[in-house]
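*Asks:* So the sequence lines, in the order shown, correspond to chains A and B. According to my numbering, the first sequence holds residues -10 to 200 in order. According to my numbering, the second sequence holds residues 960 to 1235 in order.
Hints were generated in silico from the structure; no laboratory data involved. One should not assume that every hint holds.
[As the list claims (entries may be wrong)] Rough simulated footprint, nothing fancy, chain A against chain B, three-plus residues with beta-carbon under 8 Å:
id, stretch
1, 1098 to 1111
2, 1163 to 1176
[To be verified] Only pairs whose alpha carbons sit at most 20 Å apart, straight line, appear in this in silico EDC-like list of lysine to aspartate or glutamate:
id, chain 1, residue 1, chain 2, residue 2
3, A, K109, B, E1231
4, A, K109, B, E1230
5, B, K1136, A, E73
6, B, K1136, A, D45
7, B, K1136, B, E1047
8, A, K109, B, E984
9, B, K1136, A, D154
10, B, K1136, A, D44
11, A, K129, B, E1221
12, B, K1136, A, D170
As the structure is a prediction and not an experimental result, all values here were calculated from the model. From the three backbone atoms N, C-alpha and C, an ideal C-beta is built for every residue, glycine too.
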Amino acid sequence: MKVSNSASLPGNIVLDEIIHARACWDHVVHAGESLRIIDLEGNQAVDFLLYALHDDTERYSAQDTISAQRNIFLRAGTVLMSNEGNPMAQISATSVAYHDTIGGACSCESNTLRYGHHTKAQHACVENFLSSNARHGRGKRDIVSNINWFMNVPVEPDGTLGIVDGISGPGLYVELEMRMDVIAVVSNCPQINNPCNGFNPTPVRVVIAAA
Amino acid sequence: MTNSSTSDPKAARAHARAMAGMRVEAMPTVPASAATDLPIGVAADDMLWDETVGAGGYASKELSRGARLRITDLRADACVSMLVFNAERPIERLNIADTVKVQWKAYLRAGGLLLSDMGRVLMSIMEDEAQTHDTFCGPSNERTNTLAYGEGANWGRFPNARDRLLLGAAKFGLGRKDVHPCVNWFKGVRIEGDGTTMWQGGPFAPMRSVVFRAEMNVIVILANCPHVLDERSEYTVTPARVCAWRGPITPADDAIRNATLESSRAFLNVEEYFRR
């Protein structure tokens, strides 16, 4: 693992883009390449899935990642595991203490349970995941428990859990080094009913660097 | 030409038919109404399913809205991984993240709901004698079983939960993409303040059971394999008994339905789905 604390990625930059607030994004990232996601304005949840490029029935698995490291929080050094138990990527650096993988993606349907039916027409991360994946022949059955970069979901001793105020800030980042060729799919979370985006969805920056 | 008892079709037929009436532990009772030791208060004619799922085994069943499902850890080392689908449209399925997030609860107990990815409740938990369950760690897979026991394939001695769930799902036309995050019953995981997973592996008392109510028409897939965090060197898992019986659809004044704002909305969404 190359753990880098510097703000600059090693290797040649092959992509440097802004993902608009509320938007989806996907891109192929090859084994050995690094993907950095930068929380430009702070406390912006970035919902995230990975699919193996050559067989997308293999994909990121929150449960396999948790059981492999025996911890629910994603930190520097965490290996992101697939549903087949294979390493897909490793967090090579992050300037945020931990990230979430138990809270899942917001959806129009779960919003009706959490906030009421007046939120059903609001844009949501599952809508973004569906939009991105549908362009590659994937659909709803491909949407599994995801990662929420920059989102804070503590579990209290009595079992109460919830999305609470974030611990990220402007310019903080997470960097992944890929262990296999993948398609990374992002929903820059549009949620406005809980503090995951500070009630104000903002853009994030994605940078891919060659090995 | 041999003189074996299966050397011609008629002899082979007789040989096969001679197995009639054989009993093993891991098998279904067919018809379910012939089951013995019925759940208290359940009439034989209302029984829908009675099956013992052996160590490393799996089973699947379609249940109608209102049906009750009881899973019993017969000898204290069952670990039953479960997937649930809407039987009418299996594209709707158990969503573990929504299940814990919407209920603001890490640990499923009596009164808890199994929520779908469509904002509806697939099943609710009516009774829970175990209180040691796991929504975080998911199924074992062939790789983890190979590391733990030397092998993990469906055809071997130490089948893994993920591939057992896959076979159960495949019987309903579902595939690898449909084996989503699952819930594990009887073997528990608690989360420490720093995020560490603490395995609750026992020893437990035998005969602990969990009773569910189907709130939609569902497909239930069960696999009974050692928990992925089980650190015992032997492949340790014991049989689970599964019973299901007919029951009434949840009424509007049901205590589980009305326990919280979120639960009542999940039931409202189910009732709206069935408004046809």
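*Asks:* Taking the hints in turn, state whether each one holds.
*Replies:* Against the structure, the hints come out as follows:
no., hint, verdict
1, 1098 to 1111, "holds (count 5)"
2, 1163 to 1176, "violated (count 0)"
3, K109(A) to E1231(B), "holds, 14 Å"
4, K109(A) to E1230(B), "holds, 17 Å"
5, K1136(B) to E73(A), "holds, 11 Å"
6, K1136(B) to D45(A), "holds, 9 Å"
7, K1136(B) to E1047(B), "holds, 18 Å"
8, K109(A) to E984(B), "violated, 49 Å"
9, K1136(B) to D154(A), "violated, 33 Å"
10, K1136(B) to D44(A), "holds, 11 Å"
11, K129(A) to E1221(B), "violated, 23 Å"
12, K1136(B) to D170(A), "holds, 19 Å"
Going through the hint list in order, the structure does not satisfy hints 2, 8, 9, 11.
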